[in-house]
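With these hints in hand, go ahead and build the complete structure from the sequences.
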Amino acid sequence: MIKKALLIILLLCFSIQAIAYEDIIQKWAKEFEPSALKNNEKIEELKWFYEVSKPFRGKKISTIAEDIKTHFWERDLLSKAFEEITGIHVEHVIVGEGDLIRIITEQMMTGRMIHDAYVNDSDLIGTHLRLNKVVNLTEYMKGEGKNYTNPNLDLKDFLNLEFCQDYDGNQLQIPDQQFANLYWFRYDWFTDEETKKAFKKEFGYELGVPINWEAYEDIAKFFTGRKMKNPNGTSVHAYGHLDYGKPSPSLGWRFTDAWLSIAGVGDKGLPNGLPVDEWGIRVENRIPVGSTVERGGDLDGPAAVYALTKYIEWMNNYAPPDSKKWEWVDSGPKASRGDIAQQIFQYITWLSDENFHKIGSPVVGKNGKPVWRVAPTPHGRYWEEGMKVGYQDAGSWTIPWNVRGNHRAMAWLWVQFCVSKTVSFKKFLVGGTPNRTSTIFHPYLTEHSSDYGGLIEFYRSPEEKKWTPSGLNVPHYPALSGIWWSNIARAIKGEMTPQQTMTTIAKTQDEMMEKLKLEKYAPKLAEIKSREYWFNEPGAPKPELPPQKAKTVPYDELVKQWQKK
Amino acid sequence: MKRLLFILIFINIISIAEGKDIKLSCDARYWYPFVYTEGALIKGMHIDIVTKALKNLGYNAHINALPRKRSILSAESGDVDGIISITYHPNHAKSLEYPEGANVDKESKFRIMQVDLMIISHIDNNYEFEGDIKSIPAPIRITRGETIADDLKNQGLEVEETTSDEQNFSKLIRDKKGTVITTSVIAESMNKDKRFTSKFKISSTPLISQSYYLAFSVKTKLSSSGKKNIWEEISRLRDDYVYMLQVFAQY
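Taken in order, these protein sequences are the chains called A and B.
Sequential numbering from 1057 applies to the first sequence in the numbering used here.
Sequential numbering from 752 applies to the second sequence in the numbering used here.
Worth flagging that the hints you see were computed from the coordinates, not collected in a lab.
None of the values given here were measured: they were computed from a predicted structure.
Every residue gets a Cβ at the ideal spot worked out from N, C-alpha and C, and that includes glycine.
Treat the hints with care, as some may be off.
[Claimed, not checked] In silico DSS-like links for lysine-lysine, alpha-carbon gap of 27 Å or less:
| hint | chain 1 | residue 1 | chain 2 | residue 2 |
| --- | --- | --- | --- | --- |
| 1 | A | LYS1059 | A | LYS1083 |
| 2 | A | LYS1189 | B | LYS771 |
| 3 | B | LYS943 | A | LYS1573 |
| 4 | A | LYS1257 | A | LYS1110 |
| 5 | B | LYS945 | A | LYS1573 |
| 6 | A | LYS1115 | B | LYS857 |
| 7 | B | LYS774 | A | LYS1189 |
| 8 | A | LYS1257 | A | LYS1605 |
| 9 | A | LYS1563 | A | LYS1256 |
| 10 | B | LYS806 | A | LYS1573 |
| 11 | B | LYS794 | A | LYS1573 |
| 12 | A | LYS1116 | A | LYS1425 |
| 13 | B | LYS803 | A | LYS1573 |
| 14 | A | LYS1573 | A | LYS1125 |
| 15 | A | LYS1083 | A | LYS1060 |
| 16 | B | LYS803 | B | LYS774 |
| 17 | A | LYS1549 | A | LYS1302 |
| 18 | A | LYS1576 | B | LYS945 |
| 19 | A | LYS1576 | B | LYS806 |
| 20 | A | LYS1202 | A | LYS1116 |
| 21 | B | LYS774 | A | LYS1202 |
| 22 | A | LYS1381 | A | LYS1549 |
| 23 | A | LYS1116 | A | LYS1189 |
| 24 | B | LYS794 | A | LYS1563 |
| 25 | B | LYS803 | A | LYS1116 |
| 26 | B | LYS943 | A | LYS1571 |
| 27 | A | LYS1302 | A | LYS1381 |
| 28 | B | LYS794 | A | LYS1580 |
| 29 | A | LYS1425 | A | LYS1414 |
[Said to hold, decoys possible] Ranges between beta-carbon positions, derived for each pair:
| hint | chain 1 | residue 1 | chain 2 | residue 2 | range |
| --- | --- | --- | --- | --- | --- |
| 30 | A | LYS1083 | B | ASP926 | 45 to 55 Å |
| 31 | A | PRO1207 | B | ASP926 | 37 to 47 Å |
| 32 | B | LYS885 | A | LYS1202 | 29 to 39 Å |
| 33 | A | GLU1588 | B | GLN918 | 40 to 50 Å |
| 34 | B | ASP944 | A | LYS1083 | 46 to 56 Å |
| 35 | B | ILE874 | A | LYS1549 | 25 to 35 Å |
| 36 | A | LYS1202 | B | ASP944 | 21 to 31 Å |
| 37 | B | GLY790 | A | LYS1576 | 18 to 28 Å |
| 38 | A | ASN1208 | B | PRO841 | 51 to 61 Å |
| 39 | A | GLY1416 | B | LEU808 | 49 to 59 Å |
| 40 | B | GLN1001 | A | LYS1086 | 45 to 55 Å |
Quick look at the structure:
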């Protein structure tokens, strides 16, 4: 009798638990709406997470990501959903990207157990394949992690999976979020008839999206100090440029995020120039051989000097005076304040800030649609067709080598939850950083593309492939990146000329590359030859070139070109 | 004149007390990447940080690599001014001076670096450490001089101290029982040794995460302010973003 009663109680408990979990899964399936999946598909996926995580109920892991909206949402909402469904508590720490790089490097090199997984930019792919200090996810999914790999992960659906692969196609990282760096401008000002007439009168050609830096500079000059009106009725004295220049890790990636190749440093090749990439590093047979022109690199050549020169000139002459005090997190949303005509280097993650979208904002029309647009980055005079056009960030899940056993499995489950089809579309709506093709081509975005200022058209066009992160050439991102910003800061202050700065960076980078201890494809510096020798060789390094004729294209024509392709 | 002479002698005494030269000891065992020897050279991240800090403050560091217990003894006896890379322990605190907070801080501001110690067991034992020290299979093998050894003994655990990690791994693989305590990096390097490859398992949870210090002998002639300056310079360097990334990259 008692046994029977106990059995009934036990069955009741299990049933209650099962019903409770059904409710939890239904609740979260509803929360992640809209989605690329139908409701029954979401439920199926969430149920998989519930079932596979049974051995780990009540356990904890720690992960870390940079301070953008997408990751705050993961911390504040996704981790809650994950814990309710799987029973695994995730402490998802948010820090600046510079700090994240410092921490992951310490963990990889000392074996210190700090976090179970990192959203680490795929700019470090060259580092990871050479250090061999991260989990090879391709092998993990086939072997030890097979039972913990989501059958609906659908790797083919990811945007730009190749950013995270080594030379042999192994996935060393998996993207969590991506955002391009594009040209941003005030469409309403650029299409205003009076403004257009005034520009043509002054410069002799049509105001439009600048194709090259010569046009960008003319436009910057034109708008700086010009009185302009905003849709919310405010009047401003505009600035023709926006940038940031505070000494900090983000000043480093202001340059290493393809600024030099936008100017034209390096060779043709996608996703990155070969043999010389946007860091100015020459690579031969996967081995970095030098950054200086004398070793066949392009880091202290005329193109690199031009890139730094224009950066400093434009910031001094056309940007808000406070620009030099800003890091990227400060400058990112500033274009929404209504006095910026254009920005050559805008990370689109900042465009998810509500000030770019809310009615009443100086950059939003009375119809609630943005009066700004994004467009392809203008080229510097050394740029050639066949080169990458701009930068794309791919914050990518990375599991360090010393994360083992159950921790590795739990981390992998959390990673997959964060990039699952169930949540990905909603994640994009929050943070503006797409990760999957099913997100970009969702019917919702077809209907609402005008809310995104051209971003959806960009991602749907084949042009998107020309925006890429730092690639396989860069042998050790953490060690080399610090060389850049500490020296560029001195150039901004006028302590060194642009040529002195780039020469210092190039030489110091080569010295550092020589000291690196790497498992494979370690740098081996080439013998020094004269600069003239290399300038006479085809490709990079490139000799000095004269300025070009300024060129623009009307934005509406540009979008039509994308849609035709 | 007498006053001038007195001042000159006083300055000279201070100079000696501060010491342009500073003698330190460190463990001679292979503890890559933190402290190790390569021929006649003493290398490692901890060595780099400490010698750079001392150089920045105008000191010339002379370092002796000795077997661990001897390196601690030479600091405690005053033969050297201090020892590089030792954790805090009340027993050592009687004859070594640690920076402020070393006795309470889990991750000290004045540490050279923080290091995790892991539990390694034989692959056949299927043991996973999840925080319960009493569950660690005996004997617990550790290199001589690690302060955690005394803590484990005090909790009634069977601890076996040897002179090297290699010895500990040999015994683990030979006996197929017990555990080894060491760092992840050392364990992974042992996995490259064919004698040990794939024969052991590293638990995912660290046994302990500890701050390692430059600790001074209570008998050193260095002044309090001198020691404090050195600890602060170590702290500053360790927090120097660019410097540390470049230190990490060279190992």
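Do the hints match the structure? See the list:
| no. | hint | result |
| --- | --- | --- |
| 1 | A/LYS1059 <-> A/LYS1083 | violated, 36 Å |
| 2 | A/LYS1189 <-> B/LYS771 | violated, 40 Å |
| 3 | B/LYS943 <-> A/LYS1573 | holds, 17 Å |
| 4 | A/LYS1257 <-> A/LYS1110 | violated, 71 Å |
| 5 | B/LYS945 <-> A/LYS1573 | holds, 23 Å |
| 6 | A/LYS1115 <-> B/LYS857 | holds, 23 Å |
| 7 | B/LYS774 <-> A/LYS1189 | violated, 36 Å |
| 8 | A/LYS1257 <-> A/LYS1605 | holds, 17 Å |
| 9 | A/LYS1563 <-> A/LYS1256 | violated, 44 Å |
| 10 | B/LYS806 <-> A/LYS1573 | holds, 24 Å |
| 11 | B/LYS794 <-> A/LYS1573 | holds, 14 Å |
| 12 | A/LYS1116 <-> A/LYS1425 | violated, 43 Å |
| 13 | B/LYS803 <-> A/LYS1573 | holds, 20 Å |
| 14 | A/LYS1573 <-> A/LYS1125 | violated, 36 Å |
| 15 | A/LYS1083 <-> A/LYS1060 | violated, 34 Å |
| 16 | B/LYS803 <-> B/LYS774 | holds, 15 Å |
| 17 | A/LYS1549 <-> A/LYS1302 | holds, 11 Å |
| 18 | A/LYS1576 <-> B/LYS945 | holds, 21 Å |
| 19 | A/LYS1576 <-> B/LYS806 | violated, 33 Å |
| 20 | A/LYS1202 <-> A/LYS1116 | holds, 21 Å |
| 21 | B/LYS774 <-> A/LYS1202 | violated, 54 Å |
| 22 | A/LYS1381 <-> A/LYS1549 | holds, 12 Å |
| 23 | A/LYS1116 <-> A/LYS1189 | holds, 23 Å |
| 24 | B/LYS794 <-> A/LYS1563 | holds, 25 Å |
| 25 | B/LYS803 <-> A/LYS1116 | violated, 39 Å |
| 26 | B/LYS943 <-> A/LYS1571 | holds, 23 Å |
| 27 | A/LYS1302 <-> A/LYS1381 | holds, 5 Å |
| 28 | B/LYS794 <-> A/LYS1580 | holds, 23 Å |
| 29 | A/LYS1425 <-> A/LYS1414 | holds, 9 Å |
| 30 | A/LYS1083 <-> B/ASP926: 45 to 55 Å | holds, 53 Å |
| 31 | A/PRO1207 <-> B/ASP926: 37 to 47 Å | holds, 43 Å |
| 32 | B/LYS885 <-> A/LYS1202: 29 to 39 Å | holds, 34 Å |
| 33 | A/GLU1588 <-> B/GLN918: 40 to 50 Å | violated, 60 Å |
| 34 | B/ASP944 <-> A/LYS1083: 46 to 56 Å | holds, 52 Å |
| 35 | B/ILE874 <-> A/LYS1549: 25 to 35 Å | violated, 58 Å |
| 36 | A/LYS1202 <-> B/ASP944: 21 to 31 Å | holds, 29 Å |
| 37 | B/GLY790 <-> A/LYS1576: 18 to 28 Å | holds, 25 Å |
| 38 | A/ASN1208 <-> B/PRO841: 51 to 61 Å | holds, 55 Å |
| 39 | A/GLY1416 <-> B/LEU808: 49 to 59 Å | holds, 57 Å |
| 40 | B/GLN1001 <-> A/LYS1086: 45 to 55 Å | holds, 53 Å |
Hint compliance for this structure: hints 1, 2, 4, 7, 9, 12, 14, 15, 19, 21, 25, 33 and 35 are not met, and every other hint is.
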